[in-house]
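S.K.: This is what each chain is made of:
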Amino acid sequence: MKKKLLNQPTFLLGTIITSIMLLMTFIGFFYTPYDPTQMDNSNKLAGCSLEHIMGCDNFGRDIFSRVLQGMGNTFLIAVATVTIGVVCGILLGAFTGYFGGWIDEVIMRIIDVIFAFPSILLALVFVSIFGTGKYNVVFALGIAFIPSFARIVRSEFIKYKDMDYVKSARLAGVSDLRIMFVHILPNTMTVLLSSIMIGFNNAVLSEAGMSYLGIGVQPPDASLGSMLSEAQSYLFSAPNYAIFPGVMIILLVLGFSLMADGLKSR
Amino acid sequence: MNHILEVKNLNVYYTDKGSLFKKKTQKKHALKDVSFFMEEGEILGLVGESGCGKTSLAKAILGMQKEMEGKIILHCKNPQMVFQDPYSSLNPAKRIGWILEEPLRIKKISKEERQKRVDEMLEKVGLDLKCKEHYPNELSGGQRQRVAIAAALLCDTKFLIADEPVSALDVTIQAQIIRLLLKLHKEMGISILFISHDLRVVYQMCDRVMIMESGEILEQGSVEEVYENPQSDYTKLLLEAANLEDNV
Amino acid sequence: MERLLEIKNLNIEFHDHDIPERVVNNFNLELAKGEIVGIVGESGSGKSMTAMAIAGLLRRHDMEKKGEIIFEGKELLHASRSEVRQYQGDDIGMIFQEPMTSLNPVKRIGWQVEESLRIHRPDMSKEERYRRAIESLRDVELEEPEKVYRQYPHELSGGMRQRVMIAAAMICEPKLLIADEPTTALDVTIQLQIVKLLQRLNQEKQTSILFISHDLSLVKKLCHRIIVMHDGNIVESGSTKEVFYQPKEEYTKQLIQAIPKLEKLIL
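Protein chains in written order, with my numbering: chain A, 1 to 266; chain B, 267 to 514; chain C, 515 to 781.
If you're looking for bench data, these hints aren't it; they were derived computationally from the structure. Please note that the accuracy of each hint is not assured.
Derived lysine-lysine pairs resembling DSSO-like cross-links, with alpha carbons at most 30 Å apart [unchecked claim]:
(1) LYS547(C) x LYS755(C)
(2) LYS161(A) x LYS502(B)
(3) LYS274(B) x LYS167(A)
(4) LYS778(C) x LYS502(B)
(5) LYS159(A) x LYS274(B)
Excised from the complex, chain A in its bound form (with noise of 0.2 Å):
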């Protein structure tokens, strides 16, 4: 018999963490207390008080609202990376996986090469070429993600496109297609679940380390990144303009971390 998920403590933690950000993040698409770019000149890196309980920036902005908003953001670009490194990943890991051969080892070659390069460098690369911004930035990331799913989804289906299960459906007539996609996919899920909640970290991070080198998300457009970048020279003068990005960017991480962790040793 197997433990159930949510009896698990670092699963129940990770899951609560989870979503509680996520819970703020939906809040921050409809509501903010402010408006996250509207400009108070007396209210000027102002400390944590009833009325602006993180404070506000050195152009008076709210850091609560520019928080929520700038969760939206990060959020957005992070799951949109992950989605295209996953989908991406499976098509390539499993027809690679799957049917092996020749082309298996040019696809798996040229994602080789991709893997080579820090995430941050190709997706530097890519916004050199392309320009800055949102769209540009989820585009440079995605790519730098498809390697490790395609391997991943690969290594999962070389182990068990062999499987009794899979020449049975052979023999019963099911085409490679379906069998790739209906019989052994949703056997990767385990594996694949805990790599895209890591996945989703590390797109979080990579987002935060790109608008914190200024070529992310744009401004006045807030995310969690930006806001850390622009908060650095204020680090002595108003401390909490860092603390509470920063704390959310870890929240977030750690409650993904946590709920993979306890995907994994189920």
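Chains B and C: place on chain A using the hints.
M.R.: Positioned in the frame of chain A, the structure of chains B and C alone reads:
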């Protein structure tokens, strides 16, 4: 009687790719000049040790073997196979109902008809209808093997290869599965190529038997003939190991 | 006869799930020197767990172990790890079901056979160890023991590997050999050879053997006494003849019935 399967001078090779240091690849014989036939509606036993080529032969008949010479004539559509290990022959991610419906689904049979035929088949193999809702890991080994047999028979076949279908099961369950196979054989008139290493089970089930060693068929004939008058030393050894003299 | 091993009220319970699971329930056994006792049961009957408990291979946490295992007057079930280790490989040897995985693939056969000498007889010279290893390999009827000594596990067949396992288990001349389904993964003709080998070793060296198997016909060939287990309980025990020819319990009768007989099945 008509032949359902004829195999003539079948040779199967596999290439040994050599190790990291030994580069030369060499062809090895998995089956040497194998010839036999199977009559419609008979159970033919195939006995031999692991690595003697039993599985290569099964694969060749099912058209899963790449490097082969010789003739295989099968007078029957979609041959099916029941595997040794019922823990790997059912997709762990799918419910039993889904697994059983799959061969019908790809033939575009309507949902009501599918369910009707699955229910009938479950009854035939002696399983409860409730098990459709279960995943394979919730069933016992014997139940799984019944599901595997049901799935094979739902493909509308007249020819079944049973590759050591009971050797992974507990002894009391083995007898049940053997009886089930015999019953289905009688009711549906399927021909079975029964691969086993247990000469006692082969005696119980089969009409004729082939003894195989390192890719060659040493002898074949009716079960009584082979057991009472074994020709090769290897057959004698097998008979000794099968404990035939002191049955409880 | 001199008593070698005594098990009193052995209970094993798993605690790593939500509900505790009892796998062995009130197991009792007495084993004399030179005796071969067979434990028979289907999968999940607790026979392997019992064997692991005697060999001291059960996990230390997540399970509750009650009762006593007394080997030559010494209680082993609750003894400390270092105390148990003195017996493992020396007075108690064990062979397993899978000859493919029970040998280390990157070490030569000779090294693996000698390992328990290296631990339990640290004073022994290299030459003496080599001599003993060759002798032990010859003892299990391996041809060319000098050649096998230098080979790796993957170069041997399943039957040869199981012989090597027996040689490794027998090298310190243990008083008790625990054989956990030693023939299940082997071909029928090899099974018979291994059983005959165990029989010979038992007669020559007076080693007691605890033979765990699901195959009644093998147990009948080899064992003096039989214990039938089902769902963690002892169903029936007695001499081989008694159990086979006058089974008392329904379950034992079922098991004996299930041995295939040489007659055509008629439905």
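S.K.: Would you mind marking each hint as holding or not holding in the structure?
M.R.: Evaluation of the provided hints:
Note on LYS547(C) and LYS755(C): the hinted pairing holds, with a Cα-Cα distance of about 20 Å set against a maximum of 30 Å. For the hint pairing LYS161(A) with LYS502(B), the CA-to-CA distance comes to about 39 Å; that exceeds 30 Å, so the pair is violated. For a cut-off of 30 Å, the pair hint linking LYS274(B) to LYS167(A) stands: about 25 Å separates their Cα positions. Restraint check for LYS778(C) and LYS502(B): satisfied, since their Cα atoms lie roughly 20 Å apart, inside the 30 Å limit.
Proposed proximity of LYS159(A) and LYS274(B) is contradicted: the alpha carbons are some 34 Å apart, above 30 Å.
Hint check: violations occur at hints 2 and 5; the rest are consistent with the structure.
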